[in-house]
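Each protein sequence line maps, in turn, to chains R and P.
According to the numbering used here, the stretch in the first sequence is residues 1 to 318, in order.
According to the numbering used here, the stretch in the second sequence is residues 1 to 318, in order.
FYI, nobody ran anything at the bench for these hints, they're computed from the structure.
Hints may contain errors.
Same chains, same label: a pair holds when it works inside one copy or across any pair of copies.
[As the list claims (entries may be wrong)] Taking lysine to aspartate or glutamate pairs in the EDC-like style, the calculated list, with each CA pair at most 20 Å apart, reads: (1) Lys316 to Glu286; (2) Lys176 to Glu281; (3) Lys176 to Glu290; (4) Lys176 to Glu286.
Protein chains: 2
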Amino acid sequence: MYLCYDLGGTNIKAGLIDKSGHIHNKKNIPTQVEGNLEGVLQQFKDIADRMLEENSISKEHILGAGLGVPGFVDMEKGVVTTAVNLGWHDVPITKRLAEYLPYPAFVINDANAAALGEMWKGAGQNYRDLMCITLGTGIGGGVIINGTVHNGTNGYAGEVGHIRVKDHGRRCNCGKTGCLETEASASALAFYGEKAVRDGVATMLADKMKDAGTITSKDVVEAAAFGDAAAQEIVNQAAYYLGFALANMYMVIAPGRIVIGGGLAAAGDILFKPVIKWFNEFSLTEIKGEEIIYPAQLGNDAGMIGLARLVDLNLKTL
Amino acid sequence: MYLCYDLGGTNIKAGLIDKSGHIHNKKNIPTQVEGNLEGVLQQFKDIADRMLEENSISKEHILGAGLGVPGFVDMEKGVVTTAVNLGWHDVPITKRLAEYLPYPAFVINDANAAALGEMWKGAGQNYRDLMCITLGTGIGGGVIINGTVHNGTNGYAGEVGHIRVKDHGRRCNCGKTGCLETEASASALAFYGEKAVRDGVATMLADKMKDAGTITSKDVVEAAAFGDAAAQEIVNQAAYYLGFALANMYMVIAPGRIVIGGGLAAAGDILFKPVIKWFNEFSLTEIKGEEIIYPAQLGNDAGMIGLARLVDLNLKTL
Chain R
1 MYLCYDLGGT NIKAGLIDKS GHIHNKKNIP TQVEGNLEGV LQQFKDIADR MLEENSISKE
61 HILGAGLGVP GFVDMEKGVV TTAVNLGWHD VPITKRLAEY LPYPAFVIND ANAAALGEMW
121 KGAGQNYRDL MCITLGTGIG GGVIINGTVH NGTNGYAGEV GHIRVKDHGR RCNCGKTGCL
181 ETEASASALA FYGEKAVRDG VATMLADKMK DAGTITSKDV VEAAAFGDAA AQEIVNQAAY
241 YLGFALANMY MVIAPGRIVI GGGLAAAGDI LFKPVIKWFN EFSLTEIKGE EIIYPAQLGN
301 DAGMIGLARL VDLNLKTL
Chain P
1 MYLCYDLGGT NIKAGLIDKS GHIHNKKNIP TQVEGNLEGV LQQFKDIADR MLEENSISKE
61 HILGAGLGVP GFVDMEKGVV TTAVNLGWHD VPITKRLAEY LPYPAFVIND ANAAALGEMW
121 KGAGQNYRDL MCITLGTGIG GGVIINGTVH NGTNGYAGEV GHIRVKDHGR RCNCGKTGCL
181 ETEASASALA FYGEKAVRDG VATMLADKMK DAGTITSKDV VEAAAFGDAA AQEIVNQAAY
241 YLGFALANMY MVIAPGRIVI GGGLAAAGDI LFKPVIKWFN EFSLTEIKGE EIIYPAQLGN
301 DAGMIGLARL VDLNLKTL
């Protein structure tokens with residue numbers, strides 16, 4: 001059995017997962033950001049104690065721990081180079097974790113963990129080359145080449161949220177403008193939804209805004225599905241930039257599949273159909289997006305399942 | 001000793017190369033396109049006979065043959081799937097070559113051969129992840145991940161000439177519009193040079209056009225180096241689109257180096273400086289183009305040297 005922690009800026013998803021990828025128990029608790037590193041490490045230990053107790057599992061049955069982090073990771077050294085949302089810089093996380101938990105531990109970028117999960121048990125099964133894109137508050141990505149996570153220099157591989165897609169675009173958190181993340185993430189849809197209302201565009205989102213004081217990407221997707229023209233335009237714009245970015249990524253590594261997950265992927269056809277249409281528009285004629293682009297299958301569990309896979313692969317090669 | 005053939009639509013570059021990458025003899029002869037496949041195979045045999053005779057080398061000293069082809073290649077099967085310039089489709093080239101030459105033969109896309117060459121003996125030494133871009137009549141690319149050529153689905157990986165960089169761009173040979181190839185290849189520079197003259201722009205290229213009836217990319221680069229504003233604008237536009245495409249490619253695989261070769265790379269700083277400037281403009285702040293983007297070092301020999309490496313690696317694993 002493996003202990004897996006998918007660490008986010010908001011929540012820690014934790015799971016007890018066996019070698020075959022089956023999840024025996026999972027927890028979702030708010031990340032204790034204030035306490036910083038020590039606080040999070042203590043949370044890891046507390047969750048482990050609780051899960052072992054609740055499942056009557058003894059420590060000897062835990063063979064290793066996997067940790068997914070939203071940031072740049074040096075997997076070999078077990079160091080988190082930078083995790084902006086956590087405020088971590090050059091944290092020797094596997095070494096530190098060893099002070100709290102007596103298991104061999106392995107760390108990986110969270111998007112890469114999700115990619116490993118989808119390759120093992122999800123939409124990427126039977127493919128050796130895979131690209132996974134996560135459409136959430138930001139846009140992350142994981143690249144698997146020949147069955148192995150490809151990190152690239154300083155872990156930059158797959159950081160597709162910062163692919164430039166638009167001239168004179170909005171300012172991104174990264175400091176640049178026109179990044180994919182500012183045009184096609186869940187936050188981007190929410191932003192453009194609110195903007196439409198503020199600009200006085202005729203849209204049912206105006207009522208949402210009046211009721212809730214804010215608009216979410218889910219509101220925009222639902223309005224688009226309902227036939228709201230302004231919302232459809234926002235979704236189509238996001239799909240345009242996604243199709244553009246995915247087509248260009250494809251020409252670099254031509255993976256067997258591009259798997260799209262994250263909260264926004266729940267939109268389904270209303271997002272995937274135009275993404276595939278634009279992907280085809282921007283790709284060589286022979287390349288068919290409908291054979292390449294698929295929604296992720298594992299939802300929020302992809303990361304944890306990928307972490308179990310990571311631990312499993314690493315223990316085998318130790 | 002290995003027999004290496006870098007086959008182009010215009011010329012066959014052939015070489016006798018030893019295991020350490022040293023070229024003992026090379027030939028450059030026009031490709032006999034009319035005779036199609038049989039004609040080319042006969043040329044391969046004739047060149048081999050001549051080179052062996054001129055160097056007093058007996059057949060027993062040739063351990064294998066490597067073949068670089070401008071098109072899509074299934075390396076494992078030894079099949080050229082499509083080579084537009086040669087008019088080849090699904091040609092089982094290594095099997096056919098065996099009827100003419102009694103050596104184990106291996107085939108690879110020409111841009112991938114050049115990438116292998118630059119990794120072995122050129123600008124990519126000591127790097128395991130490498131991207132090589134060739135700026136010629138078209139724009140090709142080779143991707144090496146973890147020391148191995150990465151072909152991707154149907155050999156599409158690295159086909160970066162068809163990355164979309166411009167809305168409402170010119171029609172490309174591939175049928176799409178706004179491809180990198182139509183904006184930043186040697187032909188693109190020549191096209192925009194002639195266009196400037198036709199449009200009556202004040203430029204020293206007008207005299208070139210009057211004298212030669214045509215303008216080459218070399219003319220444009222030379223005029224730019226001389227200070228001609230119109231030519232500088234053309235080079236800068238090409239550099240802009242290259243910088244854009246390279247920055248976006250980098251976020252996919254983050255290779256240790258991006259090596260740029262091909263005829264246009266001979267332009268040197270006048271091209272590389274703005275390419276790096278635009279690359280940095282479009283990349284995360286921490287990513288420095290001047291540490292990543294380098295001119296190829298092996299010139300026209302890159303392909304042949306890479307082919308020797310290919311044969312060497314393949315014979316070792318046979």
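Hint by hint, here is what the structure shows:
no., hint, in the structure
1, Lys316 to Glu286, "neither (40 Å within a copy, 35 Å between copies)"
2, Lys176 to Glu281, "between (27 Å within a copy, 8 Å between copies)"
3, Lys176 to Glu290, "between (32 Å within a copy, 19 Å between copies)"
4, Lys176 to Glu286, "between (34 Å within a copy, 12 Å between copies)"
In this structure, only the earlier hint numbered 1 is contradicted, and the remaining ones agree with it.
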